[in-house]
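> Following the hints, put chain B in place on chain A, whose structure we already have.
Chains as they are written, first to last, in full-length UniProt numbering: chain A, 1 to 425; chain B, 1 to 425.
Note that these hints are calculated values from the structure, not bench results. Treat the hints loosely; a few may be bogus.
No distinction is drawn between identical chains; accordingly, a pair holds when it is met within one copy or between any pair of copies.
Calculated lysine-lysine pairs in the DSBU-like style (CA-CA distance at most 35 Å, straight line) [unchecked claim]:
#1 Lys51 / Lys185
#2 Lys177 / Lys51
#3 Lys30 / Lys328
Predicted model, so just to flag it, every value in this text is computed and none were measured.
There are 2 protein chains.
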Amino acid sequence: MEVELKEMLNDLESLKRSLADPSHHAPIDKLQFRVERLTSLAKSGPVRRSKVKDMSAEVVDSNPYSRLMALQRMGIVGNYERIRDFSVAIVGVGGVGSVAAEMLTRCGIGRLLLYDYDKVELANMNRLFFRPEQSGMTKTDAAVQTLSDINPDVILESYTLNITTVQGFDTFMSSLKNKSFRPNKEGTGIDLVLSCVDNYEARMAVNQACNELNQTWMESGVSEDAVSGHIQLLIPGETACFACAPPLVVASGVDERTLKREGVCAASLPTTMGVVAGLLVQNTLKYLLNFGNVSPYLGYNSLKDFFPTMEMKPNPQCSNFACLERQKEYLLVKPARDAAIKAKMEAEASSVPESPLHLDNEWEISVVDDTEPESAEAKTSDALPEGLVRELPSADEFQKPPTEATEGTIDDLEDLRKQLEALNS
Amino acid sequence: MEVELKEMLNDLESLKRSLADPSHHAPIDKLQFRVERLTSLAKSGPVRRSKVKDMSAEVVDSNPYSRLMALQRMGIVGNYERIRDFSVAIVGVGGVGSVAAEMLTRCGIGRLLLYDYDKVELANMNRLFFRPEQSGMTKTDAAVQTLSDINPDVILESYTLNITTVQGFDTFMSSLKNKSFRPNKEGTGIDLVLSCVDNYEARMAVNQACNELNQTWMESGVSEDAVSGHIQLLIPGETACFACAPPLVVASGVDERTLKREGVCAASLPTTMGVVAGLLVQNTLKYLLNFGNVSPYLGYNSLKDFFPTMEMKPNPQCSNFACLERQKEYLLVKPARDAAIKAKMEAEASSVPESPLHLDNEWEISVVDDTEPESAEAKTSDALPEGLVRELPSADEFQKPPTEATEGTIDDLEDLRKQLEALNS
Chain A
1 MEVELKEMLN DLESLKRSLA DPSHHAPIDK LQFRVERLTS LAKSGPVRRS KVKDMSAEVV
61 DSNPYSRLMA LQRMGIVGNY ERIRDFSVAI VGVGGVGSVA AEMLTRCGIG RLLLYDYDKV
121 ELANMNRLFF RPEQSGMTKT DAAVQTLSDI NPDVILESYT LNITTVQGFD TFMSSLKNKS
181 FRPNKEGTGI DLVLSCVDNY EARMAVNQAC NELNQTWMES GVSEDAVSGH IQLLIPGETA
241 CFACAPPLVV ASGVDERTLK REGVCAASLP TTMGVVAGLL VQNTLKYLLN FGNVSPYLGY
301 NSLKDFFPTM EMKPNPQCSN FACLERQKEY LLVKPARDAA IKAKMEAEAS SVPESPLHLD
361 NEWEISVVDD TEPESAEAKT SDALPEGLVR ELPSADEFQK PPTEATEGTI DDLEDLRKQL
421 EALNS
Chain B
1 MEVELKEMLN DLESLKRSLA DPSHHAPIDK LQFRVERLTS LAKSGPVRRS KVKDMSAEVV
61 DSNPYSRLMA LQRMGIVGNY ERIRDFSVAI VGVGGVGSVA AEMLTRCGIG RLLLYDYDKV
121 ELANMNRLFF RPEQSGMTKT DAAVQTLSDI NPDVILESYT LNITTVQGFD TFMSSLKNKS
181 FRPNKEGTGI DLVLSCVDNY EARMAVNQAC NELNQTWMES GVSEDAVSGH IQLLIPGETA
241 CFACAPPLVV ASGVDERTLK REGVCAASLP TTMGVVAGLL VQNTLKYLLN FGNVSPYLGY
301 NSLKDFFPTM EMKPNPQCSN FACLERQKEY LLVKPARDAA IKAKMEAEAS SVPESPLHLD
361 NEWEISVVDD TEPESAEAKT SDALPEGLVR ELPSADEFQK PPTEATEGTI DDLEDLRKQL
421 EALNS
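So that you can see chain A by itself, here it is in the shape it has in the complex (with noise of 0.2 Å):
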C-alpha cells in the first residue's frame, strides 16, 4: 500500500506541473496532503512493542517482565535473566507445539527453533494458538508472525521442513549443531529439544538425532480420543530412549499410530493440549533455571484427573546403535559425577543453616504436611505403575528370531511385525 501511495504522490505532482493554470492547484494540493495522511496511517499499523535491553524487575504496568524476574524475589529462580541464554527447538507446531513455543516466547527464552512441514487449516481451530484468518499459511510461518508480534525480544528460526525425510533430517541435524547464538557453549548449539509430533516416526528421527547429537529432550504426546496425554525426559545414555521400550501411555488412551490411518480423524481439545504444553514448558524451565524437580515421566488421565510418574532406565539391548554408546559413555563417567553430586551435596548441607523459603509469614502459616509424594522408582518393563501401559509388547521381544518363540505365539508376534513393518513403510 505504502509503495501504491507513493506513486499517486508522483502521478499528483506531474499532473500539477501540466497545469499552466495554477487555480487548479489547489484541489491537487488538498489531493496530495490526503495521500500523505493516509500514507503516515498506512505505516504506523498495529502498535509493536520495543525490544528490551535487560529484563528489569521494576513494577511498572510497561515492563512486560516484572511478573517473571519476581519469581528471584520469591526465592524460586535463582538468576531468571539467564533464559535469555538458551535456545529451544521445538519439533512440531501442532495443538502442543504451538502452545509451548507461545509460553516460551512470552518467558523471555533466548532463542527458539519451529520445524513444520504442515499448513494451518480450520480444523485446527480446536486447539490454542492459530488464528482463522492464519488458514493456508505453514505453521511455521504463522507462528513466526503471532510469536515475534508477542515478544520482539525472542531469536525466531523457522524450519519448514519434515524431518522424517532424509533431506530434512540433514537440515534438522545441522540446525541443532548451530553453535553461533552462543558458540561457547559445550555440546550442541541447543539446550533443550522439545518433541511436539503427533506420529512414531517423526518421533523415532527425533530420537536418532538427538542420541547422536548427545542431547537431552523431551518427548510428548496426546491420545487420539483427546483425553489423554504425557511428557518425558529423555537423557541420552542415562534414560530410556525412545527405541529402548514401547512408547508408555496413559491406561485410557488408544494406540496413537492409529491417529494417521486413512479416513480416520484424531479427536483433540485444546484442554488437554494447553494442560500437556503447560507441564512440558514448565519442566522446561525447571530444566533450564535449575528450580523444582523436573518429571521423568508425567501422564495425564484427564477421565480421572490421575497424574502418574514413572523413571524408565536405558535397555542394554536397545535396537539403537547411537543410545549403546551414549550408555557406555554414561557408564564410564557415572561413578566420578556421582561422587561430585555427593559431595556437593554434603557441602551444601554443611554450610547453609536451613532457611524458610519465605522470610516474613505475617500470617503465621505453617505447612502441616509438606513431604514429597511417594517417590516413582525406577522400574522394571514389567511393573508398571497404576495407569500406565504400554503401547506394543516390548521391544525386546521383536528381537527375539521367531524360532525361540513357542508355537502358539510365533502368529502372534510375526502379526505384529507385519504391522510395524507396514506402518513404517
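Same frame as chain A, now just chain B:
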C-alpha cells in the same frame, strides 16, 4: 481509511470536470483507478471465517469442528453438539480466565459472559492470550475482539465492571438471571460460573451470588509465587461453599491475599496459568457434556508435579446465610435423589451388556492396570490430604467470641481478625 479514499474519488471527479482540456483527463483517470484499487485493498482486511449453522463431523480441512465431533465417534461424549446450548460466565479475564475463555470459544460453547474491570498492560504479556497491541484496551473489549475473530459462532457478552462494588454486583446478579438465551432452562440463565479472579473479596462476591441463585460454580487460583494452583467445584448446599472453611491452597504456595499488598508484585507464569485454565475447562466440559469424573478439588504443585485431590462437605455452621438455606434444601431432597440415582445405576447395570470402549483392537492391546486411583474421601477440616494446607485458621475459630478462647490464644485471634478486617476494608 475507506472514508478518506471515497473523499479522494470525489475530489478527483470534480477536478476532472473543472478541466476543459480532455488531454488532462487521462492522468486523472489513472489516479481514480489507483484509489479504487486501494479501496478494495483496505476493504479486504483480515479474512474472517463465516458462521457455521450446524456442527459437522465431516473430515475436511475447512471444518473447524471435525476434531471435536470426533469425540462422539470415539465414544467419549454422547452428544457433542449440545455444547451450543450452554452458557458459561467467566469472572476475571486475566491469566487464567482469558485462556479458559479461549478454550471454550474454540470448543464452540453457545454463549460466554465475561466480567472484568481491568485494562490490558504490557506487564500482562508473560501470560497467554493478550497481545502487546491491545495494551490500554479493557480486558473485556480485547477479549471480545480476539474471541469473535477465532469463533464467530459463540455469543459473547462482556461486562466491564467490578463485582465487589454494589452496582457491579447487581449487574452481575441480573446478568446471571437473564434467561433470554434459553428461556426453558431451569434455574438461572447460566450453566456454570467460572471464578478466575485473583483476590479474596471477588471470590466471596461470586460465592454470595452463587449461593443466593443456587448456581453451581468452579473456583480457580494460582499462588503468588506462580508455582502452584488449584480448581474446585462448588455446588450450593451439597459441597462446602467458599465461606464454609478457609480456602485450601497447595502447600508450596503462600497466602494469596498478600498479592494485593502495596508495592508487592506477584510472580506469574504462562505455564502454571495455562495448566490451571486447562484443568478448569476440562472439568467444565466433563460437567456440561457428562463424561469422565468431575474433580471436586484438584491442586497442582508444579515444583513436584504433584496433584492432590479431596472433597469438602458443607459446614453446618457456615457464616453465609444463603449457604445454610441451600444446605437445608439439599438435605430435604437428598433421600429421594439418592434413591433415584441408585435405581438408575441398577437399571443400567442390568440392561447394558459390558462392552469395550473401542470396538476394534487390532493391536490386541489390553489394559494391564486401570483401576481408579485411591478415591479422595470427604475429610474433616483437620485431616487434609498430603500437600494441601488451609490459608487461614478454620472459619469456626473466627465465630468464637474471644471470651471462649483461652488466655494464650486471644491475642493471636484478635490479631488475625484485625488483619482480616483491614484486608476486607
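> Each of the hints needs a verdict: does it hold here or not?
These are the hints, each one checked on the structure:
In the homo-oligomer, the alpha carbons of Lys51 and Lys185 lie at most 35 Å apart inside one protomer (25 Å), although the nearest pairing across protomers, at 51 Å, exceeds that limit. Taking the shortest Cα distances, Lys177 and Lys51 sit within 35 Å of each other inside one copy (27 Å), while across copies they are farther apart (47 Å). Within a single copy, Lys30 and Lys328 get their C-alpha atoms no closer than 80 Å, and across copies no closer than 76 Å, so neither meets the 35 Å cut-off.
Hint check: a violation occurs at hint 3 only; the rest are consistent with the structure.
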